[in-house]
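Peer 1: Here are the chains, one letter per residue:
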Amino acid sequence: MKNLLAFAIGSLLRRGGKNLFIFFVFTLLVFILASTFLISNALKSQLLSTLDALPPITVERIVAGRQTEIDTSRADSIAEIAGVSRAFPRVWGFYYFPPAGVNFAVVGVDPLLPSYSQTLTTVADIDGERLASGDTMIVGEGVDAILRRHLFDGYLLFVKPDGELKRVDVAGRFKGETVLQSNDLIVMDTGLVREIFGLPEHLATDIVVEVPNPQEVPTVARKIATLYPDSRIVTRRDLAASYHALFDYKSGLFLALFLVGIFTLFVILYDKASGLSGEERREIGILKALGWRTGEILAVKIYESAILALVAYLVAVTASIGYVFGLQAPVLRDLFTGYSALRPPLLLPFEIDGATLALIFFATVPLFVAATLVPAWRAATLEADEVIR
Amino acid sequence: MRERHAIEVKSVSKIFETAAGSVQALEAVDLAIRPNELVILKGPSGSGKSTLLSLIAALQKPTCGEVVVENERVSKLPDDFAALYRRRRIGFIFQKFNLIPTLSALENVYTPLLPERIGERELEEKALRVMEEFSIAHKRDERAAALSGGEQQRVAIARALVNDPPILLADEPTANLDAKLSREFIGFLERIRDEGKTIVVATHDPLFFDLPFVDRQIEMHDGRVVGTRR
Amino acid sequence: MNLLSPGVVVLQMLDALLLFLASIALILSVSIARKWDPDATTPQQYRLEKRSYLVATVVAYIFYLKLLLFLYFIHTLDDLAALLPGAMCAAGVTDATPYGTPLFVVKILDLYLFGLWLVLHRIDTKRVDRPYTRTKFRLYLLLFPFLVLETILQFLHFGAIDPHRIVSCCGTLFSAPKTPLIGLFTTLPAPAVAGLFYLLYAAILLAWLRRSPTATAISNLLFIPVAVLSLITLFSTYIYQMPHHHCPFCLLQADYGYVGYLLYTALFGGTFFGLAAWVAEKCGDGRVRRWMVWSVALDTLYVAVVSFHPIAYYLENGVWL
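Chains as they are written, first to last, in the working numbering: chain P, 1064 to 1452; chain W, 23 to 252; chain L, 10 to 330.
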């Protein structure tokens, strides 16, 4: 068997020209598929990693099918539920900025809380003086860029619900590596946010619930639902599942379409492989005359296509890794990240897992080999007598 | 006392179906060849010599009759076993040499042995040993297509002998050679014969007739045996 | 199909491909089974001879691909667990529909069936007179419906998975089984389960020492369900070191050193060769002894690895779970 394998490799190299075209096309297809999956996976894992920072449970109030403000007193009742370590209200929202036609996410924090001030300095470059001197905010890179583009240099005039203006100065910018979360983000004092959105003291946007033991999350969620039937409870797991489902759906759809395309390739491949050149026929005839069995010739032919497919797969995957993580996937990447108006300069983290490689393998190589089975058989069952004449 | 025959052809007929109708290549041919005999099959082209050789090599099956080689009914062997029989017990020299042009001389020589479970080194050794016997070992790495006619002939002979077969068949081996190379080939033949092999040569080259070391000449015409000479 | 996860798409696509190829083989097998005549020298017989190569190639392709795919199948199920509420591993996903467990059983059965067909094919082609060719292709006609069944079950299973329905996790699945037979097994006390398991293993050893392929086959055949059930009810708890964790899928995860792969490969290999040896004996093939040795070796490997864990636990803790 080893000899036959070596013969198959030699055979491929000898007949390079004919196989080159197929090899190139197949490699290209696998490359596209691999790149798509690598990019998608990288984005997905980035997104999922942001989940870790999210609270286990978020409680919103729903009226007439839409989210509305929630009573801050509910936080106290929720905190009483067994398993809940903390429950506190959050104030945040979206501020529409007409000159650029985009929404900024405005989040209120209580900067006096020690946990916040510490973490804040690790994720943002803060001008300490400015921060202390009144109405200030910390903004993400995307916000900063837009403000400057519209000639707001270092501050923004918010338009309050009553029409009055409120000036808030930029006292810090979020660091580059947080860009996925912070790009369109503005962080400021909770009181300020309330002022800008006109939200009274006893109301909040939603309530965050901390549950240290993840096993208890479903139970707590149920209890909150019983306590406040008009609330919508979003758990971290729900979010993870919805991200999974979204990515899976998109990638699954892409894959299904891709497979239709690859099927066409294989019809072509089948056709091409079926046509043997005169020289190939002679060679098979000679081999048979020399005493090679049909099974052995068949084995060589199948080895040929298996090796071709495997090498193409390896080349394509390697090239794809270089393209996606080395070059950061120019062109292809934009197809994926076009869903937000503010486009953060994402860094695709280097992540490959065996499952993705296996997926790409199974989606391509077996089809290739299958397409060559019947042609290989036809070749191997040729009659040898032409050779003798 | 019946002598043991190396090759027995018993009432063999072969009919080909072509687009133009049936062609009877062989008709009721009977033949018995003893071990270590050197037999010449002589006759014009179309007389069925090549077909007879291919039947002995189990490359084809007779329409009726049977071919027995070393007490085995090779005409009845299924394809797989016929192939095994061929590569282990037959050495065949083709009219057009039929080397694989893109392989090197060495690779051509050990091709018959490739499917056997033999390691690469042993393959090369066996091949080189035969190639040295015929003074062609120095061309081992050259592509077969680049060899001269005489060199190709020697590679073809080496290939036919690499598996040390008891039986050697040659189909018009000198048809594409000049007189000098033809005489060289005959010299090789004598040498091989002295090694104890049974040899059958199909040819209409007069150089083969009346050779002293030929045991028998069998004349064929239109698919039948028409004469024998010792 | 409300489930368009890429793993599922690939599995379904390959299943369709395999079914397509198998159907070609089926059509060819019918003509071969009917008209095969090894003594004939007609062009028709030559055509049949050529076709038998194609069928064998297709079956070999299907078998080897299925072997590879099986692992990927389990992995995909595991992945889907993230989508289904309540499921923590492949066990929950399997149980999400009534088709899941039968699908598993048929998949594994198909591996055995196709593999053994290839064994028969090997034996047949080694003989000049090809005595089993007709039988071989008749048997293929019996094999084909199982592949169809598997494809249908898989299609139904993936089609019926509902991401909105809560699914049991393996913790509950394997503690409170639904069929009375398995229930009987899980309510047996640990020593009884262990006893039955080792008894069968002893039978395998005895069969080997007695050089009886029939006994080997029977004991291996019985060993399959007993080994699986004992793994679920008893040995897995020692691998997990938790008295109520019975899941056969979690063994495949990194946390346990991927020991599941070793176990299942050894179990499949050992039992497969045990059955192959019986086939070889029925056909008078010389490889009986060799395959019996492989069977015993792999079975022993399985028993050793699976026994290691409770013994190690006992030595470490002085008590059983």
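None of these hints come from the bench; they were simulated from the model.
Because the structure is a prediction, the values reported are computed rather than measured.
Some clues are possibly wrong.
Said to hold, decoys possible - Just so you have them, the derived chain P footprint on chain L, three or more residues with Cβ under 8 Å:
hint	region
1	74-83
2	91-101
3	286-298
The beta-carbon is built from N, C-alpha and C at its ideal position, and this holds for glycine as well.
Peer 1: At least three residues with a C-beta closer than 8 Å to a C-beta of chain P: is that true for the region 74-83 of chain L?
Peer 2: Holds: 4 residues of the region 74-83 of chain L have a Cβ under 8 Å from chain P.
Peer 1: Cut-off 8 Å, C-beta pairs, minimum 3 residues; does the coverage of the region 286-298 of chain L by chain P stand?
Peer 2: violated (count 0)
Peer 1: Do three or more residues of the region 91-101 of chain L come closer than 8 Å to chain P, measuring C-beta to C-beta?
Peer 2: Since three or more residues must qualify, the claim that chain P covers the region 91-101 of chain L holds, with 3 doing so at under 8 Å.
The earlier numbered hint that this structure contradicts is number 3, and it is the only one.
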